[in-house]
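Q: The numbering of the sequence shown is our numbering, which starts it at 8 and goes up by one.
Keep in mind the hints are simulated off the structure, nothing from the lab.
Where is the CB? At the ideal position from N, CA and C, for every residue including glycine.
Take the hints with a grain of salt, since some may be wrong.
Each computed DSS-like pair below joins lysine-lysine, with the alpha-carbon atoms no more than 30 Å apart [said to hold, decoys possible]:
{"hint": "1", "residue 1": "K527", "residue 2": "K440"}
{"hint": "2", "residue 1": "K87", "residue 2": "K440"}
{"hint": "3", "residue 1": "K578", "residue 2": "K87"}
{"hint": "4", "residue 1": "K578", "residue 2": "K527"}
{"hint": "5", "residue 1": "K527", "residue 2": "K87"}
Label-pair restraints from in silico Cβ distances [to be verified]:
{"hint": "6", "residue 1": "S272", "residue 2": "T380", "range": "18 to 28 Å"}
{"hint": "7", "residue 1": "L452", "residue 2": "S613", "range": "52 to 62 Å"}
{"hint": "8", "residue 1": "T494", "residue 2": "E411", "range": "32 to 42 Å"}
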Amino acid sequence: MDRLLLTPDGSVRPTGDGPPESSRDGAPTGGGSDLPLTDDFSDGNYDGWTIVDDSTQFPSNWSAGSTAMVQSQWTNSSGKDVTETYHRGSFARLTSSAGLSDYRLSVDVTPESGSADDIGVMFRQTDNNNYYRVSLNSLSGFARLESNLNGTYFTLARNFRGYTPGELQNIVVEVEGPLIQVFVNGDPLFSARDTDHPSGGIALYSRDNSTFDNVNITANDTAPEIVIHSPVAYSVLPNGPLDVQVTAIARNVPSPNGSVRVQYSTGGGSPVLCNAASEGPVGVFVAQCPGLPASDYAVEALLLDNGGEVDRDTNNSVAIGSVATGGNRYDALGNSITRGVGDDFGADNLALNDQRTIGVAGWPALLGDLLTTAEGAPNLVGNEGIPGDRADDLRFTRLASIIERNPDSNRALVTIGTNDSNSFGTTSASALKSHIQNIINEMRLAGRDTVYVALLPPAWGADLDTPFADPLDPGSTRNQTIIGYNTAIASLVPQTGVLLGPDLFSCFLTPTVNRFSLFKDNLHPNALGHAFIAALWRDAIVGGPVVPPLNPCPAPIYILESLDPYIHGHKQNYLEEGDTYYTDSPFALTNIPAELASGIFVSQASIDNGNGDSDFLNFDAGTAPVTVYIAYDPAGTPPASSTHAFSPVTLSSGLDVSDPAVGTFSIVRSTGVTGQVIIGGTLSGPGAAPQQSYLVIVVP
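Produce the complete structure using the sequences and hints provided.
A: Quick look at the structure:
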């Protein structure tokens with residue numbers, strides 16, 4: 008559970024993560040000699056704002072029009088612009104706010120469509136290394152309230168729920184003395200009591216394409232307000248039954264008869280009172296809820312005046328797990344393969360059955376959902392991948408901050424070493440093993456009862472773009488290095504508290520199976536590949552132990568087998584609006600009919616539109632019947648198939664594309680398809696005329 012560390016100066020350093028979940032309406036009241044300060048950018052400029060690029064990889068691009076202030080540059084191409092694991096970025100400081108101490112800040116922030124990196128606000132900011140910050144991120148999937156004190160970061164509160172790209176986020180911060188309350192879209196998200204920064208101004212924070220508007224700094228709201236600090240909403244507290252300590256931060260507590268009541272409920276049942284809440288430092292109320300068994304709870308803190316309720320905060324989905332029923336919290340440690348580079352399909356991450364995580368990329372959130380379903384108890388997997396990291400980066404630079412930020416985690420998942428196999432500065436297998444052993448030791452000392460280590464996936468080329476002709480040939484030296492790494496990793500077990508995770512090498516590549524079609528480039532899986540990895544992790548955790556090598560490795564999800572990615576560059580992936588559907592062209596899908604929404608599509612090169620071979624595309628559709636669609640340029644005819652009959656079909660809407668020469672694809676389909684499917688080139692059909700390449704979609 009979340010803990011509060013009482014520091015010698017009387018401040019409270021939260022060491023856990025947040026958020027509360029409930030809604031509240033209310034307008035700030037009061038004023039001040041320096042307030043209000045407002046800017047809606049209707050004057051078309053950002054006079055009075057100072058731009059600071061704080062260790063960004065690319066210069067920011069701030070501008071102001073007649074309606075908003077915009078930062079339109081992704082400042083962080085590799086994802087490695089960090090201090091330990093805390094992000095650096097660009098910010099716009101409101102110069103006139105520098106002398107403020109207590110205030111209410113409200114700002115509208117919109118992460119533009121396609122954006123997913125950090126957005127947020129800084130407050131009580133005095134320089135680059137001293138401030139509080141609210142940061143929302145949808146790549147890794149988190150929201151955090153942080154303090155940066157003289158360049159050292161601390162997490163005051165956090166959750167694993169970022170944002171949906173394109174959706175406006177209204178961020179409100181109340182900072183009054185040492186008390187901090189944060190609201191996002193009316194939800195009392197975070198609270199803390201902290202004395203790091205007694206005064207300072209505000210800044211708009213961005214690492215990605217985002218829009219800021221309606222900046223308002225006013226005097227603090229005078230209405231009574233209470234926000235739970237811990238336990239956090241949408242969280243998992245492992246190893247129940249538990250004595251749960253509930254901590255809430257209250258402002259404007261009624262005098263003299265103000266009090267706080269804490270209660271919990273499960274399954275919509277009647278509330279159960281916790282022990283009486285006591286006030287420690289002013290505004291910090293703590294109550295004990297003893298012996299809560301494994302279940303999913305709503306936790307409430309009520310602010311009372313003479314016994315009558317004046318404010319309430321509810322944290323939903325506070326799950327307590329147990330050894331018997333499952334319910335664990337994992338830290339996924341690694342590099343870009345963990346973070347989700349190559350995952351260009353956000354719909355599966357945003358449509359989890361259990362909404363404890365909100366993000367758009369990577370396998371960790373998918374794994375948490377799969378474990379929740381498999382074990383019948385909520386699980387949570389936090390994404391701590393840093394692109395570009397090597398094993399020594401994780402060991403020496405990242406680990407301490409990951410442990411600091413995640414005191415409730417009881418397990419760890421480690422996938423590290425791909426970047427160590429680079430041709431420059433290649434790490435020896437013995438050194439990699441030593442680094443991973445030390446990572447295991449640190450995680451075990453920090454309370455992780457089990458650390459899983461995965462065998463690394465293959466590299467399909469020495470660089471990102473040019474694949475090996477044969478990835479298992481001894482001349483494919485990077486893969487030979489990875490094979491040596493995997494032997495060293497496998498030798499780390501058996502030891503207490505250490506288990507093998509999935510064999511990612513054998514499940515993508517063996518002498519008889521090649522699944523390069525699940526990769527975006529030579530190192531990074533695409534969205535379907537990330538879903539494949541999540542399911543492999545689930546099987547290793549739930550059904551282990553893993554005994555490598557796996558030959559063959561059964562596919563844990565539906566994919567198209569025997570799809571050759573080498574001759575014509577065929578790849579398979581999930582289908583999503585906005586996808587580019589050729590491997591060598593920017594043309595994108597602009598509308599997807601409902602009948603195709605759950606399909607897997609096979610992409611090819613547009614330059615192959617002149618191919619007339621009878622066996623241009625081959626794949627195995629599996630043993631369960633599926634429907635195969637061919638979408639083709641209406642200026643031509645569909646390609647021929649030597650294995651199945653295809654008939655024209657009209658769907659509920661058009662498969663529309665951005666290529667004006669095509670507009671809307673024509674569609675033919677074949678139902679009840681099993682086994683091998685062979686489809687000819689674009690010009691293989693009878694009466695074929697010059698046309699664009701086609702698209703194949705398989706719906707299980």
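Q: Now, for every hint given, state plainly whether the structure supports it.
A: Each hint, compared with the structure:
1. At most 30 Å may separate the alpha-carbon atoms for a hinted pair to count; K527 and K440 meet this at roughly 28 Å.
2. Taking the CA atoms of K87 and K440, the gap is about 23 Å. The hint holds against a cut of 30 Å.
3. For a cut-off of 30 Å, the pair hint linking K578 to K87 stands: about 28 Å separates their Cα positions.
4. Under the criterion of a C-alpha separation no larger than 30 Å, the hint pairing K578 with K527 is consistent with the structure, at around 8 Å.
5. For the hint pairing K527 with K87, the CA-to-CA distance comes to about 20 Å; that is within 30 Å, so the pair holds.
6. Evaluation of the 18 to 28 Å hint for S272 and T380 yields a pass: the beta carbon distance comes to about 24 Å.
7. Between L452 and S613 the C-beta distance comes to about 54 Å, which sits within the given range of 52 to 62 Å.
8. At about 33 Å, the CB distance of T494 to E411 agrees with the hint of 32 to 42 Å.
Checked against the numbered hints listed earlier, the structure breaks none of them; every hint is satisfied.
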